[in-house]
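S.K.: Please construct the entire structure, taking both the sequences and the accompanying hints into account.
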Amino acid sequence: MQIRLLKVAEEDLTEIISFIAAENPTAANSTLDKIGKGLEALSENPLLGRIPRDEDIKLTGYRYLIVSNYIIFYTIKEKTVYIHRILHSAQNYKTFL
Numbered sequence: 022m023q024i025r026l027l028k029v030a031e032e033d034l035t036e037i038i039s040f041i042a043a044e045n046p047t048a049a050n051s052t053l054d055k056i057g058k059g060l061e062a063l064s065e066n067p068l069l070g071r072i073p074r075d076e077d078i079k080l081t082g083y084r085y086l087i088v089s090n091y092i093i094f095y096t097i098k099e100k101t102v103y104i105h106r107i108l109h110s111a112q113n114y115k116t117f118l
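Whatever position you read off the sequence shown (first residue = 1), add 21 for my numbering.
FYI, nobody ran anything at the bench for these hints, they're computed from the structure. Incorrect hints may appear among the rest.
[Stated by the list, open to error] Label-pair restraints from in silico Cβ distances:
1) 112 - 45: 12 to 22 Å
2) 24 - 81: 15 to 25 Å
3) 31 - 99: 14 to 24 Å
4) 79 - 47: 34 to 44 Å
5) 45 - 110: 13 to 23 Å
6) 100 - 45: 36 to 46 Å
7) 54 - 80: 25 to 35 Å
8) 74 - 44: 16 to 26 Å
9) 79 - 46: 16 to 26 Å
10) 79 - 101: 15 to 25 Å
[Unchecked claim] With a straight-line Cα cutoff of 25 Å, these simulated SDA-like cross-link-like pairs (lysine to any residue) come out:
11) 100 - 29
12) 98 - 117
13) 55 - 27
14) 79 - 39
15) 79 - 100
16) 28 - 68
17) 98 - 111
18) 28 - 82
19) 100 - 116
20) 58 - 118
21) 55 - 80
22) 100 - 25
23) 115 - 92
24) 100 - 64
25) 98 - 61
26) 55 - 83
27) 115 - 103
28) 58 - 36
29) 28 - 65
Ideal Cβ placement from N, Cα and C applies to all residues, glycine included.
M.R.: Put into structure tokens, the structure is as follows:
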């Protein structure tokens with residue numbers, strides 16, 4: 022399947038990597054690699070992620086995949102996986118969805 026990052030997800034990823042790189046460029050590269058591998062896994066098996074337990078989020082049709090300290094929220098439509106947000110697990114992600 023094709024992976025498509027929505028603009029806000031691209032911004033999330035840029036912010037994450039920039040924030041980490043300011044302190045530790047090696048960790049930033051490692052995080053980018055892990056997230057990239059997570060996205061690759063979704064392209065091979067889009068049902069890999071979980072369905073949220075939260076009813077409000079479940080109603081949006083989102084699924085999510087946990088990669089290290091990050092949660093990738095996505096939807097599946099036809100042959101494309103749409104990445105909506107990439108958020109740190111410590112964030113109150115409901116306010117961002």
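S.K.: Give a verdict on every hint.
M.R.: How the hints compare with the structure:
1. 112 - 45: 12 to 22 Å: Hint holds: Cβ distance 20 Å, inside 12 to 22 Å.
2. 24 - 81: 15 to 25 Å: holds (19 Å)
3. 31 - 99: 14 to 24 Å: holds (21 Å)
4. 79 - 47: 34 to 44 Å: holds (37 Å)
5. 45 - 110: 13 to 23 Å: Since residue 45 and residue 110 have Cβ atoms about 19 Å apart, the given range 13 to 23 Å holds.
6. 100 - 45: 36 to 46 Å: Distance hint for residue 100, residue 45 holds at roughly 37 Å.
7. 54 - 80: 25 to 35 Å: Taking Cβ atoms as reference, residue 54 and residue 80 lie about 33 Å apart, which means the hint holds.
8. 74 - 44: 16 to 26 Å: violated (33 Å)
9. 79 - 46: 16 to 26 Å: violated (38 Å)
10. 79 - 101: 15 to 25 Å: Holds - the Cβ-Cβ distance for residue 79 and residue 101, about 21 Å, lies within 15 to 25 Å.
11. 100 - 29: holds (21 Å)
12. 98 - 117: It holds: about 21 Å lies between the C-alpha atoms, which stays within 25 Å.
13. 55 - 27: holds (19 Å)
14. 79 - 39: This hinted pair is violated, its Cα atoms lying about 30 Å apart.
15. 79 - 100: With Cα atoms ~21 Å apart, residue 79 and residue 100 stay inside 25 Å; holds.
16. 28 - 68: holds (22 Å)
17. 98 - 111: violated (28 Å)
18. 28 - 82: Given that 25 Å is the threshold and the Cα spacing comes to 19 Å, the pair holds.
19. 100 - 116: At roughly 28 Å apart (the allowed maximum being 25 Å), residue 116 and residue 100 break the hint.
20. 58 - 118: Holds, because 23 Å separates the two Cα atoms, which is no more than 25 Å.
21. 55 - 80: violated (28 Å)
22. 100 - 25: With Cα atoms ~11 Å apart, residue 100 and residue 25 stay inside 25 Å; holds.
23. 115 - 92: The hint holds at about 12 Å.
24. 100 - 64: The given pair, whose Cα atoms are some 9 Å apart, holds under the 25 Å limit.
25. 98 - 61: holds (17 Å)
26. 55 - 83: holds (21 Å)
27. 115 - 103: holds (18 Å)
28. 58 - 36: Answer holds: residue 58 to residue 36 is near 18 Å, not above 25 Å.
29. 28 - 65: holds (22 Å)
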